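J.: If you're matching them up, the sequences are chains A and B in order.
According to numbering that gives the first Met the number 0, the first sequence is numbered sequentially starting from 0.
According to numbering that gives the first Met the number 0, the second sequence is numbered sequentially starting from 0.
A portion of the hints provided could be inaccurate.
A pair holds if it fits inside one copy or across any two, identical chains being indistinguishable in the list.
What the hints assert, rightly or not - Simulated crosslink set (DSBU-like; lysine-lysine; CA at most 30 Å straight-line):
no.	residue 1	residue 2
1	43	383
2	34	116
3	477	369
4	147	377
5	147	430
6	116	147
7	341	116
8	383	147
9	469	341
10	431	341
11	147	369
12	430	377
13	71	54
14	270	383
Derived by calculation from the structure, the hints in this document are not laboratory data.
This structure is a prediction, so every number in the text was calculated from the model and none was measured.
So you can see what is in the structure, the chains are spelled out below.
Protein chains: 2
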Amino acid sequence: MFIEIQRKSGLSLTKQIYQGVLDHIRSEFLEENVKLPSVRELSKQLEVSLITVVKAYQRLEQEGFVTSVQGKGTFVRRTALEGRIETKESNPFDWQLSVQDYLQRSQFARFHQVPEKIHLSSSMIDPGLLPNRYLEQELRRMLIENPKVLSQYGEIQGDELLREAMVGYLEKIDIPTSSDQILVTSGSQQGIDLIARTFVGPGDVIIMEAPTYPGAIDAFRGRGAIVLTVPVDNEGMRVDLLHDLCDKYKPKLIYTVPTFQNPTGTVMPIKRRRQVLELAKSMHCLIVEDDPCSEIYFEKKPPASLKSLDQDGHVIYLKGLSKILAPGCRIGVLTASGSIFKRLVAAKANADLGSPLLTQRAITPFITSKRMMEHLKKLRTALKVRRDLALGILSKYAPEEVYWFVPKGGLNLWITFPDWFDTEYLMLEAKKQHITFLPGSACYPSEQENHHFRISYSYVNEQQLEQGIKIICDILQKAKKQKTVKENSPQF
Amino acid sequence: MFIEIQRKSGLSLTKQIYQGVLDHIRSEFLEENVKLPSVRELSKQLEVSLITVVKAYQRLEQEGFVTSVQGKGTFVRRTALEGRIETKESNPFDWQLSVQDYLQRSQFARFHQVPEKIHLSSSMIDPGLLPNRYLEQELRRMLIENPKVLSQYGEIQGDELLREAMVGYLEKIDIPTSSDQILVTSGSQQGIDLIARTFVGPGDVIIMEAPTYPGAIDAFRGRGAIVLTVPVDNEGMRVDLLHDLCDKYKPKLIYTVPTFQNPTGTVMPIKRRRQVLELAKSMHCLIVEDDPCSEIYFEKKPPASLKSLDQDGHVIYLKGLSKILAPGCRIGVLTASGSIFKRLVAAKANADLGSPLLTQRAITPFITSKRMMEHLKKLRTALKVRRDLALGILSKYAPEEVYWFVPKGGLNLWITFPDWFDTEYLMLEAKKQHITFLPGSACYPSEQENHHFRISYSYVNEQQLEQGIKIICDILQKAKKQKTVKENSPQF
Numbered sequence: 000m001f002i003e004i005q006r007k008s009g010l011s012l013t014k015q016i017y018q019g020v021l022d023h024i025r026s027e028f029l030e031e032n033v034k035l036p037s038v039r040e041l042s043k044q045l046e047v048s049l050i051t052v053v054k055a056y057q058r059l060e061q062e063g064f065v066t067s068v069q070g071k072g073t074f075v076r077r078t079a080l081e082g083r084i085e086t087k088e089s090n091p092f093d094w095q096l097s098v099q100d101y102l103q104r105s106q107f108a109r110f111h112q113v114p115e116k117i118h119l120s121s122s123m124i125d126p127g128l129l130p131n132r133y134l135e136q137e138l139r140r141m142l143i144e145n146p147k148v149l150s151q152y153g154e155i156q157g158d159e160l161l162r163e164a165m166v167g168y169l170e171k172i173d174i175p176t177s178s179d180q181i182l183v184t185s186g187s188q189q190g191i192d193l194i195a196r197t198f199v200g201p202g203d204v205i206i207m208e209a210p211t212y213p214g215a216i217d218a219f220r221g222r223g224a225i226v227l228t229v230p231v232d233n234e235g236m237r238v239d240l241l242h243d244l245c246d247k248y249k250p251k252l253i254y255t256v257p258t259f260q261n262p263t264g265t266v267m268p269i270k271r272r273r274q275v276l277e278l279a280k281s282m283h284c285l286i287v288e289d290d291p292c293s294e295i296y297f298e299k300k301p302p303a304s305l306k307s308l309d310q311d312g313h314v315i316y317l318k319g320l321s322k323i324l325a326p327g328c329r330i331g332v333l334t335a336s337g338s339i340f341k342r343l344v345a346a347k348a349n350a351d352l353g354s355p356l357l358t359q360r361a362i363t364p365f366i367t368s369k370r371m372m373e374h375l376k377k378l379r380t381a382l383k384v385r386r387d388l389a390l391g392i393l394s395k396y397a398p399e400e401v402y403w404f405v406p407k408g409g410l411n412l413w414i415t416f417p418d419w420f421d422t423e424y425l426m427l428e429a430k431k432q433h434i435t436f437l438p439g440s441a442c443y444p445s446e447q448e449n450h451h452f453r454i455s456y457s458y459v460n461e462q463q464l465e466q467g468i469k470i471i472c473d474i475l476q477k478a479k480k481q482k483t484v485k486e487n488s489p490q491f
Numbered sequence: 000m001f002i003e004i005q006r007k008s009g010l011s012l013t014k015q016i017y018q019g020v021l022d023h024i025r026s027e028f029l030e031e032n033v034k035l036p037s038v039r040e041l042s043k044q045l046e047v048s049l050i051t052v053v054k055a056y057q058r059l060e061q062e063g064f065v066t067s068v069q070g071k072g073t074f075v076r077r078t079a080l081e082g083r084i085e086t087k088e089s090n091p092f093d094w095q096l097s098v099q100d101y102l103q104r105s106q107f108a109r110f111h112q113v114p115e116k117i118h119l120s121s122s123m124i125d126p127g128l129l130p131n132r133y134l135e136q137e138l139r140r141m142l143i144e145n146p147k148v149l150s151q152y153g154e155i156q157g158d159e160l161l162r163e164a165m166v167g168y169l170e171k172i173d174i175p176t177s178s179d180q181i182l183v184t185s186g187s188q189q190g191i192d193l194i195a196r197t198f199v200g201p202g203d204v205i206i207m208e209a210p211t212y213p214g215a216i217d218a219f220r221g222r223g224a225i226v227l228t229v230p231v232d233n234e235g236m237r238v239d240l241l242h243d244l245c246d247k248y249k250p251k252l253i254y255t256v257p258t259f260q261n262p263t264g265t266v267m268p269i270k271r272r273r274q275v276l277e278l279a280k281s282m283h284c285l286i287v288e289d290d291p292c293s294e295i296y297f298e299k300k301p302p303a304s305l306k307s308l309d310q311d312g313h314v315i316y317l318k319g320l321s322k323i324l325a326p327g328c329r330i331g332v333l334t335a336s337g338s339i340f341k342r343l344v345a346a347k348a349n350a351d352l353g354s355p356l357l358t359q360r361a362i363t364p365f366i367t368s369k370r371m372m373e374h375l376k377k378l379r380t381a382l383k384v385r386r387d388l389a390l391g392i393l394s395k396y397a398p399e400e401v402y403w404f405v406p407k408g409g410l411n412l413w414i415t416f417p418d419w420f421d422t423e424y425l426m427l428e429a430k431k432q433h434i435t436f437l438p439g440s441a442c443y444p445s446e447q448e449n450h451h452f453r454i455s456y457s458y459v460n461e462q463q464l465e466q467g468i469k470i471i472c473d474i475l476q477k478a479k480k481q482k483t484v485k486e487n488s489p490q491f
């Protein structure tokens, strides 16, 4: 019995299992009298606790959908359902529930647009800090010179002009490549997806950091991969543990964000980078180096990229331009060498026949101009101010037991609170006050940790940032007080 | 042993099998002395003729990579390889050959940009017939009014303004829908791909027309589906045969281009449409209705779409806007109802987090303006002239044994020549004269037919169209003469 568990959906696991079994009964996957898996089996299969499954089965039994027979097991009772179907309004789309799909939905849950006031969940950059005016002017000029850009398909691999421009840009950030090794993608999310669909299939072993970028979790999980995780410490991925995992399981692919890791903000030092590369080399394993914002450093430049250290085509490097330049264009690039690269271009053909020419040409002039590097400098300055503001407020208002990592760049702050604190409570209270943040649980590919959350200091303006973090600290303080009151009250 | 056969790659099947086995030996999937599958087994598995496999094995044996032992089988000889590897230059990327992938490449082969003079292979519309100037002006105006469009992410489901505009447009072409049932995609290729990744998995049975659109073949094959085919006659899909197939195999999904079918140009009459829908209803099966150009009719309006006849959410309808409006924007939409729709939106999140806002906003004003319908009218007139021109030249110059279907709309002509004619010869000769067309074999999901080809009269100008078809007829005439000479010459 296949039940999809969406750990980040906001629905309790019990509810999801209850609903999953019920869907199977409704859609006639489970016929009358069929025996359900034992509580132990299902808990193992779904990687949830015994009690979660027990609760789901109890509810199903209370509602008459299953009968539990002591010592024998739990059996489907479709009769209860049939009664219901007769009484309820018939919906012509009900048959659709019987169409099984192959979808991961966790990512999606994060993207329901809600009319919140302060988006600390958005790991994006304040549009006010992006060069809209210049881009818009360049684009208008380009349209006058070449209106046919609207009526032409681009190359599948990406427009030659943009690929050339990106070679120049990547050289400036020390990534050596050539235009025939660059594939233009619809943001780096598509880059990750193309890699997943090309190289990852059921049973393939891949390794991710824990915590990591939720969008990547979905892309790899969606291909049926076995996802193993390596914890992150203050210096990124724990390479000592990676070693052990690789020895045991010979992974096909390692996904990492070595610079300003998402969500923790940590940076992998050069020594670890070399070790990861050595490992990949000895394992004939691919490395996906996702680099959303190594340009946004607040102190010194981060160490050399894995890509620049790679001699044998192990690294597939992803650079998104949505965040740092033009979200409205959704452009990213991927660079790799050898047959690995060629296969990714073929995947792009299957996915969408190539990114739109318009969005590619829209950003090309800016990338080749001197303004690009000036823009990045400006971003570093402005975002350092916001990071410092966020850290200052946290230091002043957060309860003692709350910790955070001080990021030396990037867009995010990773905050850890004590085990006793209830994340659900924090989310609900924050929602009441129209504040969003990313619950840490969304960032774990397998075993979740619930006492973290990520806030981004890059999207909202300074006033909102200050207000938002103050409110979160306030909620944490209140929770702490309640706990203290509880602990000090007499026990019965 | 998994060998990927690309029937449309231009490489002979024998060469592909030879190469596939050799890759497995090189990448150490096949170790010394391992027994290869028997000729019969492999021919069955790959759906190729016995003689094709025999030839591949013979070549491998001649080159020393395998040894065939009478009555025992064929065995790997890695020694031959090792000798070779020592002598050849070592390439640091060689290890990449050991990374297996999950790719379909047939589509890709069609898209290598070649500097040909007359593209009769491009099923696109002459940029000179598209409203570049108006689009460009509207886009410039929009950029002045709202430069922030470049710095904003759009909604995953697509920009509300474009979705509203598309509701109005689809209503005009008799597709009733609402903006919350519209998903914006990067061209309809992405629409097909999203459907495939969401609902199609290994072993699922899907049904396609034969011949059909090659891009769809790759998307479904790439998911490991069992693809069954229904032949097309002058009225589109043979629904009588579809019935039999459905009874036997209960498909999960049927992919069809009912109006101006690609590549044949046929139109499915209303009666068949109702039958297909009834079948889907009784089978709880999805229908993908791909509608690239029902607007381009030359006589009367085509019959009602499957989508408009559907009451229960069986049809997922795809409308591409790249071809008829703005290839440089790569925008398409998908519309469906019920949970099927919601799941496709989730797939879009995983694929790329949403299409770029810029390209969506670029075409929105035009779609809502009166110009849209005028533009379509103009297209119908201009393309009818080109179709008639193409038909006239064919009638005048093609050999007697060559047949074609007269399309009442769309962009393509499907041409059939006698069995004795060699397609490879036609392709080579046409290439010499810098003319491209689509070989019919690319359009068959399983058993190929080699005596067809598709030319598009929509992309090249009238002069090129005339010249191109004349040259093709000339090649066909010459081949016919040679055959006649051969047949009439004395046999020894």
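J.: If a hint holds in the structure, say so; if it doesn't, say that too.
T.: Evaluated hints:
With identical chains, the CA atoms of residue 43 and residue 383 are never at most 30 Å apart, being 45 Å at best within one copy and 64 Å at best between copies. Taking the shortest alpha-carbon separations for residue 34 and residue 116, neither the intra-copy value of 49 Å nor the inter-copy value of 67 Å comes in at or below 30 Å. In this homomeric assembly, residue 477 and residue 369 never come within 30 Å of each other (Cα to Cα): the closest approach is 50 Å inside a single copy and 59 Å across copies. In the homo-oligomer, the alpha carbons of residue 147 and residue 377 lie at most 30 Å apart only across protomers (18 Å), although the nearest pairing inside one protomer, at 34 Å, exceeds that limit.
With identical chains, the CA atoms of residue 147 and residue 430 are at most 30 Å apart between copies only, with a shortest distance of 27 Å across copies and 47 Å within one. In this assembly of identical chains, residue 116 and residue 147 lie within 30 Å of each other by CA distance solely across copies; the values are 19 Å between and 41 Å within a copy. Proximity of residue 341 and residue 116 under a CA criterion of 30 Å is satisfied inter-copy only: 26 Å between copies versus 45 Å inside one chain copy. In this assembly of identical chains, residue 383 and residue 147 lie within 30 Å of each other by CA distance solely across copies; the values are 23 Å between and 42 Å within a copy.
Taking the closest pair of Cα atoms, residue 469 and residue 341 never come within 30 Å of each other, the shortest separation being 50 Å inside a single copy and 36 Å across copies. In this homomeric assembly, residue 431 and residue 341 come within 30 Å of each other (Cα to Cα) only across copies, at 27 Å, whereas the closest approach inside a single copy is 50 Å. For a Cα distance limit of 30 Å, the shortest separation of residue 147 from residue 369 qualifies both inside one copy, at 27 Å, and across copies, at 22 Å. With identical chains, the CA atoms of residue 430 and residue 377 are never at most 30 Å apart, being 32 Å at best within one copy and 53 Å at best between copies.
Within a single copy, residue 71 and residue 54 get their C-alpha atoms as close as 18 Å, which meets the 30 Å cut-off; across copies the closest is 59 Å, which misses it. Taking the shortest alpha-carbon separations for residue 270 and residue 383, only the intra-copy value of 26 Å comes in at or below 30 Å, while the best inter-copy value is 67 Å.
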